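S.K.: Listed below, chain by chain, are the residues.
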Amino acid sequence: MAVSSNAIAGARFVDPTVLSRIGNLELLARNIVDGFINGLHRAPFFGASIDFAEHRGYVAGDDIRRVDWRLYARTDRYYVKQYEADTNTNFTVLFDISRSMSFSSGGVTKLEYGSYLAACLAYLAQRQRDRVGIITFDNEIVTHVPPSAKHFNMVLHTLDRAKAERPGKLSTPLHRMAEHFKRRGILLLISDFYDEPAEIFDAIKPLAFLGNDIIVFHVLDPQEIDFDYDNASSFEDLESREQVPVVPDAFRTQYRALVQAHINTLQQKFSEQRIDYALLNTTEPLDRALFSYLSSRERLMRVR
Amino acid sequence: MSFLAPLFFAGLAAIAVPILVHLIQRERKRVIEFPSLMFVQKIPYQSVRRRRIRHWPLLLMRALAIALIVAAFARPFLRQGAAAIAAAGGSREVVILLDQSASMGYDDHFTRAKDAARSVIGSLGAGDRATLVLFGRNAEESMRATADRGRLEAALDTATLTAGATRYGPALKLAESILTQSQAPRREAVLISDFQRSGWSGAEDVHFGEQIRLIPMSVAGPSVTNLAVPSVTFTRGQFSGQERITVTAGVSNKGNEPATGVPVSLEIDGHAIETVQATVGANASTSVSFAPFTLAGPTMRGLVTAGGDPFPADNSFHFVVTPDRPVSVLVVDGGDRVDTSFYLVKALGIGTAPAFQVETMPVGRVSPAALQNRSVVILNDTMLPPGLAGGALKTFVEQGGGLLVVAADKATWPQNDDLLPARLGAPVDRLSGRGGAIGYLDYSHPAFEVFKAPRSGDFSAAHVLRYRTLEVGPTDRVLARFDDGVTAAAERRVGNGRVIVFGTSLDDSWSDLALKPVYLPLVHQLTKYLARYEPPASWQTVGQVVDLSVLLKGRAERVVVSPSAVRVTVPASEPGLVELSEQGVYEIRPAGSTSAAPADRIAVNLDPAESDLAPMDPPELVAAVTGRAADVTPQAAAAADVSIEDVEKQQGLWWYLLFGGLLLMAAEMLVSNRLSRQERFL
Chain A
0 MAVSSNAIAG
10 ARFVDPTVLS
20 RIGNLELLAR
30 NIVDGFINGL
40 HRAPFFGASI
50 DFAEHRGYVA
60 GDDIRRVDWR
70 LYARTDRYYV
80 KQYEADTNTN
90 FTVLFDISRS
100 MSFSSGGVTK
110 LEYGSYLAAC
120 LAYLAQRQRD
130 RVGIITFDNE
140 IVTHVPPSAK
150 HFNMVLHTLD
160 RAKAERPGKL
170 STPLHRMAEH
180 FKRRGILLLI
190 SDFYDEPAEI
200 FDAIKPLAFL
210 GNDIIVFHVL
220 DPQEIDFDYD
230 NASSFEDLES
240 REQVPVVPDA
250 FRTQYRALVQ
260 AHINTLQQKF
270 SEQRIDYALL
280 NTTEPLDRAL
290 FSYLSSRERL
300 MRVR
Chain B
0 MSFLAPLFFA
10 GLAAIAVPIL
20 VHLIQRERKR
30 VIEFPSLMFV
40 QKIPYQSVRR
50 RRIRHWPLLL
60 MRALAIALIV
70 AAFARPFLRQ
80 GAAAIAAAGG
90 SREVVILLDQ
100 SASMGYDDHF
110 TRAKDAARSV
120 IGSLGAGDRA
130 TLVLFGRNAE
140 ESMRATADRG
150 RLEAALDTAT
160 LTAGATRYGP
170 ALKLAESILT
180 QSQAPRREAV
190 LISDFQRSGW
200 SGAEDVHFGE
210 QIRLIPMSVA
220 GPSVTNLAVP
230 SVTFTRGQFS
240 GQERITVTAG
250 VSNKGNEPAT
260 GVPVSLEIDG
270 HAIETVQATV
280 GANASTSVSF
290 APFTLAGPTM
300 RGLVTAGGDP
310 FPADNSFHFV
320 VTPDRPVSVL
330 VVDGGDRVDT
340 SFYLVKALGI
350 GTAPAFQVET
360 MPVGRVSPAA
370 LQNRSVVILN
380 DTMLPPGLAG
390 GALKTFVEQG
400 GGLLVVAADK
410 ATWPQNDDLL
420 PARLGAPVDR
430 LSGRGGAIGY
440 LDYSHPAFEV
450 FKAPRSGDFS
460 AAHVLRYRTL
470 EVGPTDRVLA
480 RFDDGVTAAA
490 ERRVGNGRVI
500 VFGTSLDDSW
510 SDLALKPVYL
520 PLVHQLTKYL
530 ARYEPPASWQ
540 TVGQVVDLSV
550 LLKGRAERVV
560 VSPSAVRVTV
570 PASEPGLVEL
580 SEQGVYEIRP
590 AGSTSAAPAD
600 RIAVNLDPAE
610 SDLAPMDPPE
620 LVAAVTGRAA
630 DVTPQAAAAA
640 DVSIEDVEKQ
650 QGLWWYLLFG
660 GLLLMAAEML
670 VSNRLSRQER
680 FL
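Quick mapping for you: the protein sequence lines, in order, are chains A and B.
One point on numbering: in numbering that gives the first Met the number 0, the residue at position 110 of the first sequence is 109, and numbering is uninterrupted.
One point on numbering: in numbering that gives the first Met the number 0, the residue at position 221 of the second sequence is 220, and numbering is uninterrupted.
These are computed hints drawn from the structure, not numbers from a lab.
Fair warning: this is a prediction, and the values are worked out from it, not measured in the lab.
Any given hint could turn out to be false.
Said to hold, decoys possible - As a list, the in silico SDA-like pairs of lysine to any residue whose alpha-carbon atoms are at most 20 Å apart:
| no. | chain 1 | residue 1 | chain 2 | residue 2 |
| --- | --- | --- | --- | --- |
| 1 | B | Lys41 | A | Ile262 |
| 2 | B | Lys41 | A | Glu241 |
| 3 | B | Lys41 | A | Phe226 |
As the list claims (entries may be wrong) - Pairwise CB distance ranges, derived in the manner of DEER restraints:
| no. | chain 1 | residue 1 | chain 2 | residue 2 | range |
| --- | --- | --- | --- | --- | --- |
| 4 | A | Arg240 | B | Val670 | 34 to 40 Å |
| 5 | A | Glu139 | B | Leu674 | 45 to 51 Å |
| 6 | A | Ala197 | B | Leu19 | 36 to 42 Å |
| 7 | A | Pro205 | B | Gln40 | 26 to 32 Å |
| 8 | B | Ala9 | A | Glu139 | 50 to 56 Å |
| 9 | B | Lys41 | A | Asn138 | 19 to 25 Å |
| 10 | B | Ala9 | A | Lys268 | 57 to 63 Å |
| 11 | A | Pro145 | B | Leu19 | 53 to 59 Å |
| 12 | A | Asn138 | B | Ile18 | 35 to 41 Å |
| 13 | B | Gly10 | A | Asp201 | 53 to 59 Å |
| 14 | B | Gln649 | A | Asp229 | 52 to 58 Å |
| 15 | B | Ile18 | A | Arg240 | 23 to 29 Å |
What the hints assert, rightly or not - Away from chain B, derived, C-beta distances all over 10 Å, residues of chain A:
| no. | residue |
| --- | --- |
| 16 | Arg55 |
| 17 | Tyr57 |
| 18 | Ala59 |
| 19 | Val66 |
| 20 | Arg69 |
| 21 | Gln81 |
| 22 | Glu139 |
| 23 | Lys149 |
| 24 | Arg165 |
| 25 | Ser170 |
| 26 | Lys181 |
| 27 | Arg182 |
| 28 | Phe200 |
| 29 | Leu278 |
| 30 | Phe290 |
Note that beta-carbon positions come from the ideal geometry of N, C-alpha and C, so glycine has one too.
All chains should be modelled from the sequences, with the hints used to inform the complete structure.
M.R.: Below, the structure is given as structure tokens:
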């Protein structure tokens, strides 16, 4: 059992390979998230859906019931109490199940890793009474579970049944989703992003423009980053089935540079769009992903 | 550098195979699935391909091996070498050895052999010369080294079968001498024969040099059937005072199939006597006896024939039968005792082959007339006949008669007479112990030759109690000695005749030799030798040379008629050597004779070895003669000019290339095995 050295004390997150042996996603998500939260000592900014946000001066037209009379008594001025937005937001997982997600260099596949991640985050969201839903897609939408407070089990079921079988393309399904989302919410996009950065942004932009909070998880296998192969072989593209002779020794440096450039571009462009981006390695425990999610939520709340 | 089969260079395309293996094929053996080749494809492909060839030496070895093997198949040769060979090796010296022995008469062997010889003549180039050698028992040049095909073919057309035996030795020696003297760069002997195994003993001292090639051309068939009559035997008998002869013929079957109902017939003087049906098993012999016939004339010729087959020459057997001629012996003794010559006469009376016609006479009654028609005179312990008879005896010896002088008690000889080979000395007594014995015999002498073999006559068993000393002259030959070294017998040649003196008695008075088993053959041998007796030969073999003067005991002008009716006159001044080269009966008549009956006849038959047609393996003969395996086919040898194929063959460069290619392949295997051990994937 591998333990992440960076994990917060008490949050004993098991290796994803070990997690893969747990058949029940709900049990898995609960184990991970509960352990995580216990270790986190319940952060104060968490779960305050009806919490007070700030005071502002009364202006004509404000609801008189929101005037803070106690403050008026102390200061003799009219202040209105502002609260956080609606507590029950839509939490939708956009899960890429294109065939490239089925790749694994030995441990769990990217699809499995993404499933665990999605299950954990859906569980978190469900615990704070968000409506959870999921959309799986490859080059088109495969499954659509609309966000609902009762749909957590369906989400888990969908994740469990997901199979990476077809080639994928971000733009088509995301554009269709953009037409579909009428209400703002949190969108959790899990993909390996094998597309040109420009195309990726073109696909995501419509969602961002709708005012959704988008969190992007870029899931990659370590071999996709390191390209640590020994022998010259024919490499076959999982999606296009095209084969290319490759001598890894000769390729490695250039390949790593290209992948790093891709990641950097994505990081940069996402941050420009205020989209939270996290690169996840399938060998890493899930705590980093969860931490990344929660920090982004915190940041979002602060910005607001 | 040129190539005989340049089309094979298309095979160089095979070099692409190792290159492809290095570049593509082997990488494709393992396919690795990868999520997306988006980034891989952005890397320039050309640079990848170039860099993928990581084992240049291995690739070069593989490509070079293929190139060498392809070049070997293209059969390269050097033009320069071809020119040199064409200039220096264009002309050939060919010796055609054509077998004309009797065995070539089997079926169409001789016709085929002549056809083969004709094809060799036809293959001669402009600068080539050929010699036609016909051989059987001996070899003779029929046409000496000529480039004229017409003359060669004419000589070939006149070649006929002979009745001679087969002997390869003389023919090959002749070929060797002709080819050794030749200056031509290419020297070949073409041996056309049925390759009878009996013709090669293996002991012939024939060895061709390095430059001389022997090309065998066999006309032998795969299987043979051959009946032969190799010999006959005679059994003589007397009937009503006439001599009757029973002929028994041997019949052999050299084939692999038994012969049944073979008619074997006997002819005497052209008259059919009897025909007997015989059965001869495969590779077996049998004998056939005919009814006896009466010997009517001085010489009668006979013929035995057996069946018919593709080789008729050995199916008949010729012979001549003559009446038995006894050896006439005159025994002269002192006449004072009745039994002086008892043992001698009894011993001579026992002989049948030859029979001895013995007459005993006291020395006092010997006259010149008594010596007429005698072969041998024996002076048994007596003196030289007195008077004219003494001179007649001397003349008798000089004309070829034989004289045996038994020197015992009463033998005396004139001092001045040189007829006797030794001077008679005083008697010597050997009474002590067991007496004396004959201790030494000259076994090289014809008379004693039969005693040479072990247990063929024990002379030492005889006790000699007394003997006369003999003083032998320097020119005389000592035939026997007593155990004390005294001469026991000596010989002298006088004119055409022979004289032997024996130092002790031939009765039981001085020794017991007459009572010993060796006595009878001793007397017979001495008498036959002195009579110059030769058993009558009923037949001779082809190739033998007979001396008519010996055969007919005298010189005269004679005419010899061969079986093919060729007449040869032999003058009296010559010894009369006749080579018997034909099968059949030779007739010898006195010159000018008008008598129908010939004086003498000689039957001549094939050498029995010719009947054995079992062939030997021609390469075996070639290997024995040249010391190397037969490497030349007749077709290749028949090529008229030095073709580029020949040049290429002689240079044999392809062999080296092929060897090099295979060597590289082996090295490649080693290197690649080593590399593959270092890394799992090349």
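S.K.: Please go over all the hints and tell whether each is borne out by the structure.
M.R.: Tested hints:
no.	hint	result
1	Lys41(B) / Ile262(A)	holds (16 Å)
2	Lys41(B) / Glu241(A)	holds (14 Å)
3	Lys41(B) / Phe226(A)	holds (15 Å)
4	Arg240(A) / Val670(B): 34 to 40 Å	holds (36 Å)
5	Glu139(A) / Leu674(B): 45 to 51 Å	holds (49 Å)
6	Ala197(A) / Leu19(B): 36 to 42 Å	holds (39 Å)
7	Pro205(A) / Gln40(B): 26 to 32 Å	holds (29 Å)
8	Ala9(B) / Glu139(A): 50 to 56 Å	holds (54 Å)
9	Lys41(B) / Asn138(A): 19 to 25 Å	holds (22 Å)
10	Ala9(B) / Lys268(A): 57 to 63 Å	holds (59 Å)
11	Pro145(A) / Leu19(B): 53 to 59 Å	holds (56 Å)
12	Asn138(A) / Ile18(B): 35 to 41 Å	holds (40 Å)
13	Gly10(B) / Asp201(A): 53 to 59 Å	holds (57 Å)
14	Gln649(B) / Asp229(A): 52 to 58 Å	holds (55 Å)
15	Ile18(B) / Arg240(A): 23 to 29 Å	holds (27 Å)
16	Arg55	holds (50 Å)
17	Tyr57	holds (57 Å)
18	Ala59	holds (58 Å)
19	Val66	holds (58 Å)
20	Arg69	holds (60 Å)
21	Gln81	holds (47 Å)
22	Glu139	holds (19 Å)
23	Lys149	holds (35 Å)
24	Arg165	holds (14 Å)
25	Ser170	holds (15 Å)
26	Lys181	holds (33 Å)
27	Arg182	holds (34 Å)
28	Phe200	holds (16 Å)
29	Leu278	holds (15 Å)
30	Phe290	holds (26 Å)
Violated hints for the displayed structure: none, as all numbered hints are satisfied.
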